[in-house]
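Please arrange chains B and C on chain A, whose structure you already have, making use of the hints.
These protein sequence lines map, in sequence, to chains A, B and C. The first sequence lines up with residues 1 to 111 when you count with this note's numbering. The second sequence lines up with residues 1001 to 1555 when you count with this note's numbering. The third sequence lines up with residues 2001 to 2294 when you count with this note's numbering.
No lab work stands behind these hints, which were simulated from the structure alone. Keep in mind it's a predicted model, so treat the numbers as computed, not measured. Careful: at least some of the hints might be erroneous.
One side only, chain B facing chain C, incomplete, derived with CB under 10 Å [to be verified]:
#1 A1111
#2 K1112
#3 L1116
#4 H1188
#5 V1221
#6 I1230
#7 I1296
#8 V1300
#9 L1304
Virtual Cβ for every residue (Gly too), placed ideally from N, Cα, C.
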Amino acid sequence: MATEHNHEHHEHDHMNIPKYIGIFMILVVGTVLTYFAATIDMDGIFPGANTLVALLIAFTKMTFVMLFFMHVYWSKRLIWLAAVGSFFWLAIMFAYTMQDYVTRADGVFTR
Amino acid sequence: MSAQEATSSIYGGTKLNYITNGSTLKSWLLTKDHKRIAIMYLVTVSMFFMMGGLYASAIRLELLTPASDLLETATYNKVFTQHGILMIFFFLIPSIPAILGNFLIPIMIGAKDLALPRINLLSLYFYWLGGGLTLFALMQGGVDTGWTFYTPYSTTFSNSFVMLVGLGIFINGFSSILTGLNFIVTIHTMRAPGMTWFRLPLFVWAHYAVSLVMVLGTPVVAITILLLAIERLAHVGIFDPSIGGDPILFQHLFWFYSHPAVYIMILPGMGVVSELISNFSRKKIFGYEFIAFSSIAIAVFGFLVWGHHMFVSGQSLYAGLVFSFLTMVVAVPSAIKMFNWTATMYKGSISYDTPMLYAIGFMGLFLIGGLTGLFLGSMGLVVHLTDTYFVVAHFHYVMVGGQVIAYLGGIHYWWPKMTGRMYSEFWGKISAMLVFIGFNLTFFPQFILGYQGMPRRYASYPAEFQVLNIFSTAGASVLGVGLIMPAVYLMHSLVFGKPAGDNPWMHPGLEWRTSSPPPTENFEKMPVVTWEAYEFGEESGLDLEEAKRRESVAV
Amino acid sequence: MSSQYSDKFVYHEPGLQHQFDDMGQQEESVSIGMWMFLVQEIMFFGGLFTAYLVFRSRYPMAFAAGSNHLDAFWGGLNTLVLIVSSLTMALTVYYAQKSKRMMQVVMILLTMFFGAVFLGVKAIEYTSKYNDGLIPVTGLNHKYKEDKTAHHEDAKPCWEVSHEPNAPVHHPPNPSGEFQWADCSLVKYASDKNLLTDAEKIGYYSNGVVDANKFRDKVRIFYFIYFVMTGLHALHMVVGLGLMTWLLWTAWRGYYTAEYYMPVEMSGLYWHFVDIVWIFLFPLLYLLGRHFIH
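Isolated chain A (complex conformation):
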């Protein structure tokens, strides 16, 4: 509200150049990892394992960018809610659309 003083720690108390570069290195490693993981055939584990691995790596990279580059880690709860909530809404759009396609007679995952 108007007259409340913000007592939260800001990221400029915590983030410095070495830490930014550290996060950057994690992102680079993630990119290289996803590139090579894509060449290994994981269909033996279950069909679609490759996609799952790729998405997990992408989610991890996104989380690091959001938390540390976009400073969500030090932001108010409302910002956390906006960041998390929007993905929840994406999930609604994906899930409720796919529930139609998956349950049709020419189902997408049927063989």
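Just chains B and C now, kept in the frame of chain A:
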């Protein structure tokens, strides 16, 4: 006498208010004042309402006779499409949020302006740009795809100006998104000291819920229109089943927004009705938290039901089941509101001023509209009723019987605050009655027509349906008169109306504690709030003696 | 008495907009506003991801085949370029918070440089697609004239077309600039391993035999999605570069200090968002079929 002095003498005497504070064209077109932006929206929105109404007259005149004699079928397709587009995108969606929301939210929360005034102005510009483009397209020859733009007709076969109208709607979408964004920020950060979340008027809660829907839903229709436009240009065939595309995908993406859009249309109306019912019953609203949370619940659940527009389109039976069940669930929060409004009126001190007449009318008409929505949400019935006049009657009951009536109630209620003038109560009551009677006469026969099987979007129909169609058109004429009358007497009141004073209704809201019209900064001294919402007592600064005196004198 | 009116005298810091009481309120408002904008951007791209999801789950082999013809090297390079630009953007905000004018300007210039590199690489990729007849719109591909002197071998069935990575690229005649696709070897591979979906069993075949044209149509859907998604993303990059230009000018003028740096932070949020979209686009578009290549 200068222009400034002349307007000053009509509006508020010698003290400057938002109308008299600057009288050049530039001071209006480049304003950052949310109240001026609201008034400019009011003018444009009214224009679009009138244009949509003209299209509606054409439809009703054509449907007087079974043959397609007044309009050719191809022209009729354009007429109902354009009626839908203008009414939905350029009238209903902006109406209450852009006019009443913009004007009142900062005042109701005790702020000087919205959080982002320049974004508010940008929102207005996008509305004008999108509306202008759409009107231009209409003048070039318009669109005939239905406001729903279903593929593959819209992508492959239609020879009308699909892309231009699509572009107009796309740009208009930015207006909606920016307004919603602005409201969310404002309600979070600009509340006056002491104005806690649960002291907010329910009008503000309703607009917070609406803003969530605007921000989360509108971008999806934007991308859908973009895909439609690219497909129309490129002819790749993503919506063409013969090469592996899927027309249902378009419908999924389109209705993902367009269903929540109907909640964008109705939630602000419900917010207005909460204010009207409580204030004109002179009683604290029953179940404040329930109404507040039910607005949020409607906003959230509204995103889970879009498949009920697609039961017979080709989506799977299982998906239909899920969407049907959730459609029943989403009716519950609306029902909660209806119960709470009724309970508010019970043992209240009700005065039947024009705004209250509209509010009570809303309750009855929204009840019918909402219940018939449940008919349409059940999979057995919908097979019979899809694409018939039953659907048309249902959505007109909720959109016109609900939203438009709430909009009129709100305009009348806050007219004295916005303009400093009282309108004529006599003519207000007459036109409220005409709207109610005309509306029912227009649309109730359509339930019967639909049940009997008359299809929608048809210019010609079997002769046995003619009698009910004639009733419907007759009703439309009455409705038309009832809707034109406010335009006349409200404009008349601008010059000849009685000066309203700060609080002509003797109601406790924060907006009634500043002058009518308010000064540019909204309050002479920014308030500190120490009272709960809807307190009809001394604590909220009401002069109870004066209120009693006025009640005994009133009609 | 009911209401008390506050009557505080407000010192207006430079950069404070008139509707706010203090800088804290302004910063909070601007931050929530920017995040709401990003939320709607997420839903905007989300519609395209939905379309991707629907079509990929129907025709996974067509998508894999199309994806394998994208150059993962350029895609991967672009991913790294954007990550570096995100780092320089974060450092721009860091230096703004420390009131260091020159370092801010240097970092903005670096961010813009990497953004431009990204767009340059995209231009290279799109040109190669144009040359290979992979733009899904008829007329927008390179129109190779018919070469009457060339030998025409008997056309192999499309499932025997080899996918040697270093084979010389042969461009068939394409007088009307149509979308070209000749390689449906993945269909045979998937059919042998029983990986085809029901939609694929109908969609790729005519009279029990793999139909090259039908398969080509599905691959064309992949390329449509590819171009729309990366094109929209590139458009957002261009807007981002415009934003950076404004930021460069104002930072050079010394507007941003420890007391007032929100515009830099907010521009940073936008830039990181564009980076995040690419982080998802890269594996989903470029890498999805790599594990089928032997």
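Structure-based check of all given hints:
1. A1111: Result: holds, 7 Å to nearest chain C Cβ.
2. K1112: holds (5 Å)
3. L1116: Check passed: Cβ of B/L1116 comes within 6 Å of chain C, closer than 10 Å.
4. H1188: holds (6 Å)
5. V1221: Because about 9 Å separates B/V1221 from the closest Cβ in chain C, which is inside the 10 Å limit, the hint holds.
6. I1230: At about 6 Å, which falls below the 10 Å cut-off, the nearest Cβ of chain C leaves the hint on B/I1230 intact, so it holds.
7. I1296: violated (16 Å)
8. V1300: This hint is violated: B/V1300 lies away from chain C, its Cβ roughly 14 Å from the closest one there, beyond 10 Å.
9. L1304: Violated - the Cβ of B/L1304 stays beyond 10 Å from chain C, reaching only about 15 Å at its closest.
Hint compliance for this structure: hints 7, 8 and 9 are broken, all remaining hints hold.
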